[in-house]
Amino acid sequence: MKAELLTYIPLKTLKEEFPGLGWKDFLPHLIYTIAIEKVSRACSHQLVRHRVASFSQQSQRYITVKRLDEKIVVPSTVDESNIGDYIGGINTVSETYQRLVDKRVPREDARFLLPNAVETSMLMTMDGKSLVHFLGLRTCNRAQWEIRTIADLILEQLRAVEPEVFNHVGPYCYQLGYCPEGRLTCGRMKEALERYAV
Amino acid sequence: MKLRLVAHSPEIETTIATSMKTTTSGAMPSTLFDRFKDRSEKVADIVSRIEVQHGNILEHNRLIWSLEASRDRVLDIMLRTKFLNITELGGDRWVVSGNLRSVIELHLVHRDDFTEALVETIKEASPRIYDFIRRGEK
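Protein sequence lines correspond, in order, to chains A and B.
Heads up, the first sequence stops at 198 in this note's numbering, and the numbers go up one at a time, no gaps.
Heads up, the second sequence stops at 1138 in this note's numbering, and the numbers go up one at a time, no gaps.
So that you can see chain B by itself, here it is in the shape it has in the complex (with noise of 0.2 Å):
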């Protein structure tokens, strides 16, 4: 099994910061977006304070991967999941997306290489999520 992430929404961080603020805030979403585009310790801050119950703001996000793995495996991934898109491309050779919440409930209720392969992703994309998981196991 080979899991490599080609591509993802960008700002994710910020994105999950407006989500966040725009249900308890009287401003916009696009001011919000704006406003934290360029304050990374806001963002921070605010993402800091993320409770998983509330996952629709883990959702406005898509991250896409690569994935070489057998037939077997994939349906092994899609009996686990409904949440993730797959399509196939042939020779083993998969195209895997879903968003932040799919893969953190994922990891939650099912560890295996597949999983962790999935949050290691996640730490470049989203570093404050990827060390939220990481704590979470502790």
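Only chain A is shown next, with the shape it has when bound in the complex (with noise of 0.2 Å):
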């Protein structure tokens, strides 16, 4: 998987062009665009939830998957004593997939097999206080793996080229100063203090 910052408005502009505002004031007109690449179908539908940004999504209508044992994801639970399972239900559902498009079954229909193992690719564009929750909650000890190995990508990112913004960023609990995930916390804030600090 990848995620690759194609642009951004860099922060410097806005504070020569607005000198009474500080870097929390400029976050909603501060504006990114990142291409995420060949994450699982399961990682994007939870990446659209964030509905205060824009995607453009690889479509299975117009994209025939081809050999779909080599575009999908394998979770590392998913290890040498269950991997045959794992991989012979793709390469089912596969042969089942290609036969349908063969006897001229719309890409749009034969795409209702196809699982969320499915690898895709993306671009997204959010603004700086979007980013700002987003990473909040994907970088969290709790996220689910892909998304937050996503999240942990961007930030990096973001970090090297708007530290003055960024740096500020990391799971809530870095953010805020405590968790506030309740009686679901992963106990780690310790943890997660350090590995977010700067």
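Think of the hints as simulated: they come from the structure by calculation, not from any bench.
Being a predicted model, the structure only gives us computed values, none of them experimental.
Think of the CB as a built atom: it goes at the ideal place given N, C-alpha and C, for glycine as much as any other residue.
Computed beta-carbon distance windows for the label pairs:
| id | chain 1 | residue 1 | chain 2 | residue 2 | range |
| --- | --- | --- | --- | --- | --- |
| 1 | B | E1124 | A | I87 | 48 to 54 Å |
| 2 | A | E95 | B | E1124 | 50 to 56 Å |
| 3 | B | R1080 | A | A160 | 35 to 41 Å |
| 4 | B | G1055 | A | G20 | 30 to 36 Å |
| 5 | B | H1110 | A | R67 | 49 to 55 Å |
| 6 | B | H1110 | A | Q144 | 38 to 44 Å |
With a Cα cut of at most 30 Å, we get these calculated DSS-like pairs of lysine-lysine:
| id | chain 1 | residue 1 | chain 2 | residue 2 |
| --- | --- | --- | --- | --- |
| 7 | B | K1123 | B | K1042 |
| 8 | B | K1037 | A | K12 |
| 9 | A | K129 | B | K1123 |
| 10 | B | K1042 | A | K71 |
| 11 | A | K38 | A | K103 |
| 12 | B | K1123 | A | K15 |
| 13 | A | K12 | A | K2 |
| 14 | A | K129 | B | K1002 |
| 15 | A | K24 | A | K129 |
| 16 | B | K1037 | A | K2 |
| 17 | A | K66 | A | K2 |
| 18 | B | K1123 | B | K1082 |
| 19 | A | K129 | A | K190 |
| 20 | A | K71 | B | K1037 |
| 21 | B | K1123 | A | K12 |
From chain B, some residues computed to sit far from chain A (all C-beta separations above 10 Å):
| id | residue |
| --- | --- |
| 22 | K1042 |
| 23 | A1044 |
| 24 | S1048 |
| 25 | A1069 |
| 26 | D1072 |
| 27 | R1073 |
| 28 | L1106 |
| 29 | L1108 |
| 30 | H1110 |
| 31 | E1116 |
| 32 | E1120 |
| 33 | T1121 |
| 34 | K1123 |
| 35 | E1124 |
| 36 | P1127 |
| 37 | R1135 |
With the hints as a guide, bring the two chains together.
Below, the structure written as structure tokens:
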């Protein structure tokens, strides 16, 4: 998987133009466009739940999935003891999908069979305020591993180009100084604070 | 009312072309973006096929303006669109930002000196989208 920051508006430009405002005031006006690549459809379903954002995602209506077993994400919990079952299921779906496409079932209908493991890529654009919220939730220990990995990759690049903003950003416990997850807390706030400390 | 564009996303039309091709091509978006960066003719060819109904491809950008206008005037703007971000600076000065889709859609449904000024500022940031809007007016 990969996340690459493609374009953004530098904070410096706005600070020069509007000297009376601080970095938090600029967050709704700042924008970041990021290429997110080779993540599972399960991950992209989570990404698009962040509604104050724009997405352009590879379409399964237009892009035929060939050799499904080469275009899937395999979670690390699928190990040598069960990888056969996992790949076996994928292959069964792959063969049936291909048969349907060969029989001229439209790709937009054949894709109903495709599993959440299928790789997808997208452009994602978020304003600074939404991105700070996204990173607060998705770099959290409680986030699912794939979207958390993507969130960490994004944060790393943002800290490199805009440290004044993103050195303040990490999981919500890092941003707020307390864990807002209540009884669902991971209980490892100290570890999280150390990991994201600048 | 005075409106001035103070900043915008870089490579707006390259990003629009990348967005358009991402949905239908098997290539990675970062590869498409790099491929299009120095090929303005290719970008022009792709962007010229734009259809405003597929507005999400026009959302991967942001334009930021400095606006001088009364509070009543800004309230009027806010009531017409919820897709512009507005920050008050004081003394009838404001920071306004939005994406190309918001500008086009606002201009489609309402014409006044504000929307006209918005469209004029696009000319430099995204000349092909500017031409697209002006062609649509004829």
